[in-house]
Structure formats: C-alpha cells, structure tokens
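Hey, can you work out the whole structure from these sequences and the hints?
Chains as they are written, first to last, in this note's numbering: chain A, 1 to 124; chain B, 1 to 344.
Rather than coming from a laboratory, the hints here were simulated on the basis of the structure.
None of the values given here were measured: they were computed from a predicted structure.
Take these hints with a grain of salt, some might be off.
Said to hold, decoys possible - Keeping only pairs whose Cα atoms sit at most 27 Å apart, straight-line, the calculated BS3-like set for lysine-lysine is:
#1 B:K75 x B:K106
#2 A:K36 x B:K284
#3 B:K96 x B:K75
#4 B:K195 x B:K75
#5 B:K195 x B:K128
#6 B:K284 x A:K86
Here are the chains, one letter per residue:
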Amino acid sequence: MERTVHPIDSVGRRRVVVAGSFAPDTASAPTDLYGKGFTVARTSAGIFTVTLEQIYGQLDSAIATLQLATAADQFAQVGAVSLSAKTFVIHTWDVSGNAVADIAANANNRVNFEFVFRASGEEV
Amino acid sequence: MVWPTDELNTRGTNRVKMAGSFGFELLPTRRQGDRGRAYYTFPVTAGTDIQVYSDVAGGVGNALDFQATADGSAKAAIDFDVDAGLTQLDTIMEFKTGGTGGNDWKVSVMAGSGGGEGVNIGEDTTNKLLTIMYEDGVSTVTNVETAIGLTTNFAVRTGGTGASVLAAGDDDLAETNLTGGTAATYAVESGSPSKTHLHYTDAVTTVTAAVAALNTLSSGTKMMTATGSGAHTLAAGDAVAKQDLAGGAATSGVRGLGFSVAYTSVGTFTVTFDDSFPTMISAKACLQLATAADQFAQVGTYTAASKTLVFYVWDKSDNAVANVAIAAGNRLNFICEFANTDLG
Chain A
1 MERTVHPIDS VGRRRVVVAG SFAPDTASAP TDLYGKGFTV ARTSAGIFTV
51 TLEQIYGQLD SAIATLQLAT AADQFAQVGA VSLSAKTFVI HTWDVSGNAV
101 ADIAANANNR VNFEFVFRAS GEEV
Chain B
1 MVWPTDELNT RGTNRVKMAG SFGFELLPTR RQGDRGRAYY TFPVTAGTDI
51 QVYSDVAGGV GNALDFQATA DGSAKAAIDF DVDAGLTQLD TIMEFKTGGT
101 GGNDWKVSVM AGSGGGEGVN IGEDTTNKLL TIMYEDGVST VTNVETAIGL
151 TTNFAVRTGG TGASVLAAGD DDLAETNLTG GTAATYAVES GSPSKTHLHY
201 TDAVTTVTAA VAALNTLSSG TKMMTATGSG AHTLAAGDAV AKQDLAGGAA
251 TSGVRGLGFS VAYTSVGTFT VTFDDSFPTM ISAKACLQLA TAADQFAQVG
301 TYTAASKTLV FYVWDKSDNA VANVAIAAGN RLNFICEFAN TDLG
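Now the structure itself:
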C-alpha cells in the first residue's frame, strides 16, 4: 500500500522532536525501546529515567503517556528534567494505590514520550 | 509563520506541529505568593485581612519584613532639656491633640515676667505660637508646668525637676517647632533587610486607609504591595512585631511560540493560539511535577473560531479539577498538531 508522507511544519523555527517509547517490565529493566537517541532505565518502582544522547537546546515541551493493553487507573507523568544531565524522569502513577507503581510486562503496555526542543538562540 | 522541521514527515499534507508548556505562577489568587512572590497575611480582627506581597517575584522577596504598630496620631512634643538645650527647664511638653498639626506650633521661652508676676503664657492660635515668660531667678519648673496645664492646646507629657529655678540666658529659647506629631496612618520602609512598617491608630485607621498608606510610603523605598479594603478599623491588638514575608519562589514561565495562556479558573487554563488553523488533528497534554502525585492533565475544548484550547488539571484524590503548586519543576506541557488547510 502506498504511503505518502509530507514534511511537517512547526510554529517556531529550528524545533527538534525526540519521540520514543519503551515497554515496562515490572521490576526489571524496560525492554523494546522504539525511537532513537536515548536509553531508559527503571530507577525504582514506577519511576523511569530517560537519558538522551544529546540535548537540542532548550526544552519547550515534554509529554509522556501510558499505553495499556487493558484500561486501568494508571497514568504517566513527567517528573524532573535535567538538561545538563540530559535526563527526563517519567513516573507511572497508580491511582488506586495513590503512588507510583510498576507496570507489568505486556506487548501493548508501553510508556510513550515526545520531547520538543528549541535550538539555542531561537525565540522562546 | 511556520517553518519546516528538517526531515520530519507525517501522513497528510500541510500539518503544523506546536509544542509548548507553562508553569503555574499564572494563578491570580489573592495570595500573591502563588505567583512566586513572597507574601504575608496581616490579620485584622474585625475586618478583611491585609495581604502584603513582594514587588519582586522569586526568593529575593523572602528577605522582606513587615511590622504594624498602633502608634499613629502621635502627639508633637518638645523636650526642653534634650531638644532645646535649656539648663533648668527639663520638662517634656506635648500638643494635646495627636497628629501632624502639632508640628506647626512653635514655642519660645524667655525671662520676661516682671517682679512677682510669676509665669505668663501666651497662646497665639493664629500664628501657632506659645510664648512662655518666666521670672528670672524666681520661677521654678513646677511653676512653668502649672502654667502649661492651663493652656488650651498643651500638656505636660513628662514632668521635670520641679524645684529647679529658671535663669535668664540658660533657659531662654527662640521660637522652636514642636516635632514628632504623626498622621493617623502612615508607613515607612527602612533597614537592611528591608522592613515596611505600618503605623496606625486604634479604632481610627480603616483597612482601606492602611492599604493606601502601605502603597504610598511616607518615606523609604516601596518594596511590597498591599491589597485589601474595608471600612472596618484596625485595633490596638492587631499590631504585629517584625514578620518575615515568605513563599517567594522561582517562576517557570511560558515556553514555546504562537500562543498565550491564561488561568481561567481552578485547575483550568485557556491557551489562545496566535494563528487560526482549520482543524486540530491531535492534542496531547501532560502534567510535569517535581514530586509525583495523583494529578494529571487533560485536554478540554478546542474552539477554532476563538483559537482557544482548554487544559485541565485533575486531582484524583479530590476527584475534581485542582490547582498545582508553584514550583520550578511543575509545568503543564502540550503538543498539538493542526491541519493548516481545509484539504485534509
């Protein structure tokens, strides 16, 4: 099937998008990383640290969402961001437990993220 | 204006991506500390509390102090010994009525009474001049104080050495103003660290007057702003010793181009885009918190006609929209993708 794609424009010059996702595996290290330019580690229960290979200027926006095979009262939340360390913390929050919590391994359980950077020197 | 994101392609033509984020210092609450400004709530027993907050956002405002004392309407006075340098007459005399009016009066002291005349006092209300004439080598401090007590406008605040006998030359004073009379309500700033001091009068100063005085200092540099209003008066018991302003914190600001954002109501923010796009293909919102909590962001209504997009912050514990505390690591992030034409 032919797929036609087209360039995407942005509001604001010299924006760089880093998107990716990974599969949580309960208390084990995440697996199945999709996207380029990052690694991810399970820091503690329900807390993941995404480390980028490179920072592309200032951060305009950081989005994290939780994808679940079966709907549940859990969601992803961006935590501390350190551009100097190139790290982004992502929490997975369990509403029932009222705390961060691990996500079980499943082919369709993933943490998705997208970071948008503004090249240094560009208008905010 | 839009620009290409090099080598980033997507399905569909004329797609525009917009990303942005904002901190929560937009909250226009009464407590100005929620805007990152240090503040102090001055409690008024019988009326509306007065909020004072730093004019400068951030932690620097936490160094400011506030104080309130019920010492307004002070009476003008003169210490004949300390202020005027007289030798025998060491009385402190005051204007009977508090306020700045007493500062307009002058007093002179001279050895002008004749033999056996004792102390004579002239009270010129037109020229605001009190003239005290004593009998050289005869009149005592007590004689002078008795005469002062018979005037309309003056009284002895602190008695001197009653038996002392006044002497010409040593106890002569040219026309000299009384000083120290103050307004019913005024505020001054001084010191390091900076302290703003409200002086008010029990049962006279209203909340409105106090706020006005704080926002229009009689001396010093304005470092903080007061809010509050009401006709109810401050009481002597409302006085507070030096209080630190607190709650000043770094603000996060708005990042991204092409939009503005305003706080609409509790946990509700309205982003207004600079440009109009026919269709919003996708909108994602994510709450960023320095400390994980059971709150999340949610995209609300997009109205193309008004170019607005609403975002909510939902608090699961409260089961309602809720505000988020001001902190450098607390932000609402969003990414939108629009179709720039009606062609799909």
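So, going through the hints one by one against the coordinates:
With a CA separation close to 14 Å, the supplied pair K75 of chain B and K106 of chain B stays within the 27 Å bound. At most 27 Å may separate the alpha-carbon atoms for a hinted pair to count; K36 of chain A and K284 of chain B meet this at roughly 21 Å. Distance check on the hinted pair: K96 of chain B and K75 of chain B sit about 7 Å apart at the alpha-carbon level, within 27 Å; holds. At most 27 Å may separate the alpha-carbon atoms for a hinted pair to count; K195 of chain B and K75 of chain B meet this at roughly 24 Å.
About 36 Å separates the Cα atoms of K195 of chain B and K128 of chain B, which puts this hinted pair outside 27 Å; it is violated. For the given pair, K284 of chain B sits about 23 Å from K86 of chain A by alpha-carbon distance, which is consistent with the 27 Å threshold.
Violated hint: 5 only; the structure is consistent with all others.
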